[in-house]
Amino acid sequence: MLGYIRQAVISVRNVRFQYPEGGFSLEVAHLTVEAGTRAAAIGPSGSGKTTLLNLISGIERPSLGEVSTAGVRVDRLSAAARRSFRITTIGFVFQEFLLLEYLDVLDNILYPYRLHTELRMNASVQARARELASDLGLGGLLDRSPSELSQGERQRVAIARALVTAPKLILADEPTGNLDPATKQQALDLLFAQCEARSTTLLMVTHDHGLLDQFAQIVDVEALGSASV
Amino acid sequence: MKDSIFLAWRYLRHHRAKTLLLVLSLSVFLGLPLVMRAMSRATQESLLSRAEATPLLLGKKGSSLDLVVEALYFQLKGAEPIAEADVDAINATELALGIPIRTGLTARGFPLVGTSLDYFPFRGLHIAEGRGLAMMGECVLGAGAARGLAIGPGDALLTSPSTLFDLAGVYPLKLHVVGVLEPTYGPDDEAVFVDVKTAWVAEGLGHGHQDLKDAGPDLVLRRNEGSVTANAKLPQYNEITESNVDSFHFHGDASGYPVTAAIVVPHDEKSGILLRGRYVDAPTRQLVRPAEVVDSLNKQIFRFERILEIVVWTVGLATAVMFVLVMVLSWRLRADELRTMTRLGCSRWKAAQIMGSEIVIMVGASVLLAGVFGIVMAQYGETWLQNLILRGS
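Chains as they are written, first to last, in the working numbering: chain A, 473 to 701; chain B, 328 to 720.
Everything labelled a hint here was simulated from the structure, so no lab data went into it.
Only a predicted model underlies this, so the values are computations on that prediction, with no experimental measurement involved.
Among the hints, a few may not be true.
As a list, the in silico SDA-like pairs of lysine to any residue whose alpha-carbon atoms are at most 25 Å apart [what the hints assert, rightly or not]:
(1) B/677 / A/568
(2) B/677 / A/578
(3) B/677 / A/551
(4) B/329 / A/578
(5) B/329 / A/526
(6) B/677 / A/588
(7) B/329 / A/614
(8) B/677 / A/655
(9) B/677 / A/516
(10) B/329 / A/616
(11) B/345 / A/619
(12) B/677 / A/526
(13) A/640 / A/526
(14) A/640 / B/654
(15) B/329 / A/617
(16) B/329 / A/533
(17) B/677 / A/533
(18) B/329 / A/594
(19) B/677 / B/644
(20) B/329 / A/590
(21) B/329 / A/568
Computed Cβ-Cβ distance ranges for the label pairs, DEER-style [as the list claims (entries may be wrong)]:
(22) A/670 / B/343: 50 to 60 Å
(23) A/617 / B/654: 19 to 29 Å
(24) B/345 / A/507: 40 to 50 Å
(25) B/435 / A/616: 57 to 67 Å
(26) B/345 / A/568: 19 to 29 Å
(27) B/640 / A/596: 24 to 34 Å
(28) B/654 / A/553: 26 to 36 Å
(29) A/670 / B/665: 23 to 33 Å
Glycine included, every Cβ here is placed at the ideal spot set by N, Cα and C.
Input sequences plus hints: build the corresponding full structure.
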């Protein structure tokens with residue numbers, strides 16, 4: 473049993489969550505995602521996909537149940553500890569990319585290192601960021617502003633930012649939602665390749681059922697428990 | 328902290344127009360009241376120190392402020408003149424030294440001041456270059472005038488015609504620059520000093536021409552016993568030289584010639600009181616203490632300064648409100664960025680540190696700019712404000 477827990481990067485049991493202001497609530501009976509797995513979270517709008525990611529990452533804390541991410545009971549951590557945990561353990565890729573226009577590509581990739589003292593910026597980190605950018609085809613764009621990039625390039629910068637801290641888990645919330653079909657597959661291929669190369673677990677929210685055959689595990693959020701508004 | 332400053336700096340640099348506008352607004356808000364107060368104080372002190380260095384001033388009865396402003400600061404106010412005889416009368420009392428001051432003309436924009444040689448030691452003026460006045464037709468330049476005109480000893484300077492379109496009027500007089508004074512950082516720096524007789528010649532009250540005894544019939548209109556009347560062909564000199572200086576003369580009694588004022592330097596306190604007593608009931612003359620006049624002007628400036636301060640603080644308050652509003656709106660527009668920060672694991676304290684760094688950088692730049700503004704104004708503003716006050720007085 474212990475060995476199993478060690479291998480599970482995500483483990484959610486009997487979780488109940490409701491936003492403090494009321495309204496939406498989510499219950500999850502059981503979810504496990506093993507290390508190195510490429511998993512997709514699906515479900516209709518309002519089923520709680522993003523809330524599930526927030527619980528796994530410790531952005532939100534459940535009122536009941538256990539959430540264990542990368543072997544850490546995040547539901548037991550304080551807000552400050554959850555922030556530290558999040559920035560050192562999890563990489564995020566968002567649908568809207570959320571890049572900063574006032575930073576160039578390299579500084580956008582290194583952005584997490586500017587936000588937390590636990591991540592120490594040094595020459596090797598910078599070298600890793602450059603290498604990552606090169607792997608993602610951004611080598612010649614490091615001094616560009618995000619506004620000078622195409623949508624696909626912007627998403628690749630967001631992927632590099634998620635990977636630069638060498639996280640154990642990548643949580644991607646519809647990362648290809650704003651991309652055209654050709655760019656979408658290209659971005660996914662790069663994300664998958666990078667996760668595979670680093671043995672990083674990926675949990676990606678998607679509405680695109682055409683992509684599901686590329687994932688090893690499908691998490692149907694609707695089937696996990698119940699969600700209500 | 329280094330990272331917060333880095334992010335703040337990058338943000339401000341990216342939004343440089345907004346940042347510049349805020350920094351400029353803040354620097355005006357921070358700098359203007361301090362600069363205005365410092366300049367005003369310095370100007371008042373400067374005005375008062377010159378006035379206090381001038382014991383008494385004799386002039387035509389009328390506005391004492393106009394008299395002081397024209398005779399001490401050489402700002403042309405059209406003060407009614409007294410006569411050279413008034414200066415002689417002061418000297419004749421043996422209670423004080425009378426120094427004539429004749430203003431009214433300019434030379435290429437700088438005030439032409441006719442005076443006596445006593446003026447220079449009285450004001451503590453020293454020659455920096457060349458020599459002092461020795462004969463009519465010569466001038467000595469204040470340091471600022473020499474710099475402004477870019478001339479020095481050996482050069483010439485024309486007086487400006489008082490009436491440009493009056494062809495029958497007084498023609499410019501060519502002055503020989505013989506010396507430049509050491510800077511005093513006061514009105515003397517901006518003046519062109521001549522002997523009072525030279526000033527009268529420049530005004531057209533004296534003139535020089537060819538000796539009529541030897542003049543041919545083509546230049547003489549009428550020749551009577553004891554007098555010769557020349558016609559208009561007789562050439563007039565517009566320059567006083569060693570060879571023609573003797574031909575310059577004044578028709579009539581020179582004691583009736585005008586001087587703007589006379590600086591009166593009593594030999595002692597008692598002499599000053601005696602002299603003041605003599606002029607108390609003078610029907611057409613006034614003997615004033617410039618310090619009292621300037622003190623009353625300073626009180627007016629002080630009142631104006633108070634009003635100005637209220638205006639500046641009101642504008643400052645509006646600027647501060649605008650600054651806060653712009654920052655709040657800016658943070659609202661950056662909601663996505665703040666959300667990203669939070670999701671990535673950034674603490675509220677860190678986010679506040681980044682925003683705080685932006686404010687500190689802007690306020691710091693504003694203070695720096697206000698300081699530079701203050702230094703520049705301290706360098707040039709005092710003269711500018713002094714001129715503004717004296718012209719507007």
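Which of the listed hints are not met by the structure? 5, 8, 9, 14, 16, 19, 21, 22, 27
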